[in-house]
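Can you join these two chains into the complex? Each is in its own frame, and there are hints to help.
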Amino acid sequence: MSIDTQNDPYNHLVRALFANPDHAGVLEGGIVVSNADQGIRIELSARVTEHRVERLRYRAWGCPHCIAACEALAAKLEGGPTGDLENFSSARFMQSLAVPAEKSARILVIEDTVRQLGKALRDPTASERQN
Amino acid sequence: MGKLPLDLQALGVDLMSMTAHKMYGPKGVGALYLADRPEVHIEPLLYGGGQQRRLRPGTLPVPLIAGFGAAAEIAAQKMPDDAVRLAQLRDRLWQGIHDIPGIRVNGDLNNSWPGLLNVSVADVEGESLLLALEPLCVATGSACNSTNKEPSYVLRALGLSDLDAQSAVRFSLGRQTTRPQVDFAIGRYRRAVAMLREIAPERVA
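Those protein sequences? They're chains B and C, same order as listed.
So the first sequence is numbered by our numbering: it starts at 1 and just counts up by one.
So the second sequence is numbered by our numbering: it starts at 132 and just counts up by one.
No lab work stands behind these hints: they were computed from the structure.
Check each hint, because a few of them may be wrong.
Partial selection, computed: residues in chain C whose CB lies under 8 Å from chain B [unchecked claim]:
hint, residue
1, Ala-214
2, Val-215
3, Glu-256
4, Glu-258
5, Ser-259
6, Leu-262
7, Pro-332
The beta-carbon is built from N, C-alpha and C at its ideal position, and this holds for glycine as well.
Chain C extracted, bound-state conformation (with noise of 0.2 Å):
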């Protein structure tokens, strides 16, 4: 949301969560859809004040809502330009990093969010290669998930083993990213990964 253009009827959409964190807003709020044709009935969590149609309690964080307002102005506005520099941005840091032996993308180029690059490398363990890759802040797994260490279970579902699992990262770039952030982070993966590979046995068959 705040990335691409989402047109919540055509798609069928009953019900959609959103957060203005993920769109440059502040953390803390979010915003929750709810289709009126057929109109779709939900029960509150809490209860208490009548506030959001009795459906969340409690005094409303009028900063926060204002700040996730100007957020979806703003995205709106820069949507367009953002997918295109970030696609741009992307496909640069694919192509700094694409002739590594045994590299390859979690998921398809062409159809998906242009701010997202997560890639598997084989032979490589993961957690040591986020530490070698300091100080670029990556992640494995989803970022919503990062403390975990366990492999992504979407990775998994993807076909990947466990082995090329824990090694995916996940690069995220954003609007305040830049040219120069993304060659030293093709060089830093590099280095990554022939560093490891040098210090690491062969693999018994």
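Isolated chain B, as found in the complex (with noise of 0.2 Å):
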């Protein structure tokens, strides 16, 4: 199929993350966080080894931006130290999936429910709380 590039509203990056969600699903017994604004819903679910994030699932409804930007995020923290989530910023995904503007809310609802993960993950307590 030939696909309109210049009126395309999605770029290579996220049509191909949007038809690879390899990290969507939930981590049974991890750490869960999750969030509904913004006309999306995310779940992000977390297993931690030695501040490490061994693994790192989610689950999103909405536009094919929020559900390739979960797809990148998961990809990129998953492996690395849980210190990362807490200082996770949207910026570059929205730059890399060049996401609209009238969408930036929504990628920093994601952003939002990234943190909070970073925070339960280090006070597990703390996300029993909330949740």
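Pasting the structure below:
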């Protein structure tokens, strides 16, 4: 199929991530946080070993940019230090995924959820209190 | 027009605009019907030459008009067969997806043009559904408003919630549509809905 790249609302990275949601799912027994705002629903779950994110999974209901952003962040943060989550910024994803300005609030919801997960990993009892 | 028999006098129509490309004619040409009993008077939007009873000045696009006429002639010949064939394809499409949980037809299958099937499905995000359906060329809302991502005001007027209206997909079947293409669309739609539901978190009450 040929794609009209000039009028395509999704760049090649969004298309590739959307088509391959390898990190979609939920980790049973992991730390789970969720958010529903700005017309999207997102849930992140993670398992940690020695201050590293051993596995990170997401479930998302939203537009292709949101699903692509979740897939991208899961791939990037998995295997890294848990501290990265609390300092997570979506700015790079907004750029690489060419997220339209009208969708930026949705991506910020995802950013908030990642930071929330970071806090929960540091203090699991706080997550239990929230959820 | 060009799809269902129309008797404008019996319907009491005063004015009707029509376009050739809706019946496989060329784009860029249309026609306007004005009832003469009682006579309907309209004012031109443009002034200049006296063409078309002084209503639309400008040189007439003869090739487009001839194409429109030919398309109308073919449509009149094929109309009965087209309607039967498209109804079979539309019914096949609906039968292939009707058992998906939360799916609904927007409109009345018994009182609508058989070349269209508009469906909504619960708890699936419309924009992602459209992308997951590629390479199917379907639209949310009406085809003439396909760049607008707002839920269709027509569907909202039919009583759909914003959430159901945003997941509405309009399948258009035409003279060239085949059974294998319909079967492909069924498979693609089922997979897209299943995939998006699988990766979605449960709805918070």
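Now the hints, each set against the structure:
With a least beta-carbon distance of about 30 Å to chain B, the hint placing Ala-214 (chain C) at the interface is violated under the 8 Å criterion. The beta carbon of Val-215 (chain C) is not positioned within 8 Å of any beta carbon in chain B (closest approach about 31 Å), and the interface hint is therefore violated. A distance limit of 8 Å between C-beta atoms decides the matter here; for Glu-256 (chain C) the minimum to chain B is near 6 Å, and the interface restraint holds. Taken as an interface hint, Glu-258 (chain C) checks out: its beta carbon lies about 4 Å from the nearest beta carbon of chain B, inside 8 Å.
Because the smallest distance between the Cβ of Ser-259 (chain C) and any Cβ of chain B comes to about 5 Å, under 8 Å, the interface hint for this residue holds. The interface hint given for Leu-262 (chain C) is met, as the beta carbon of that residue sits about 5 Å from the closest beta carbon of chain B, less than 8 Å. For Pro-332 (chain C), the suggested interface contact is upheld, since its CB lies about 4 Å from the closest CB of chain B, less than 8 Å.
Of the numbered hints given earlier, the model fails hints 1 and 2; all others are met.
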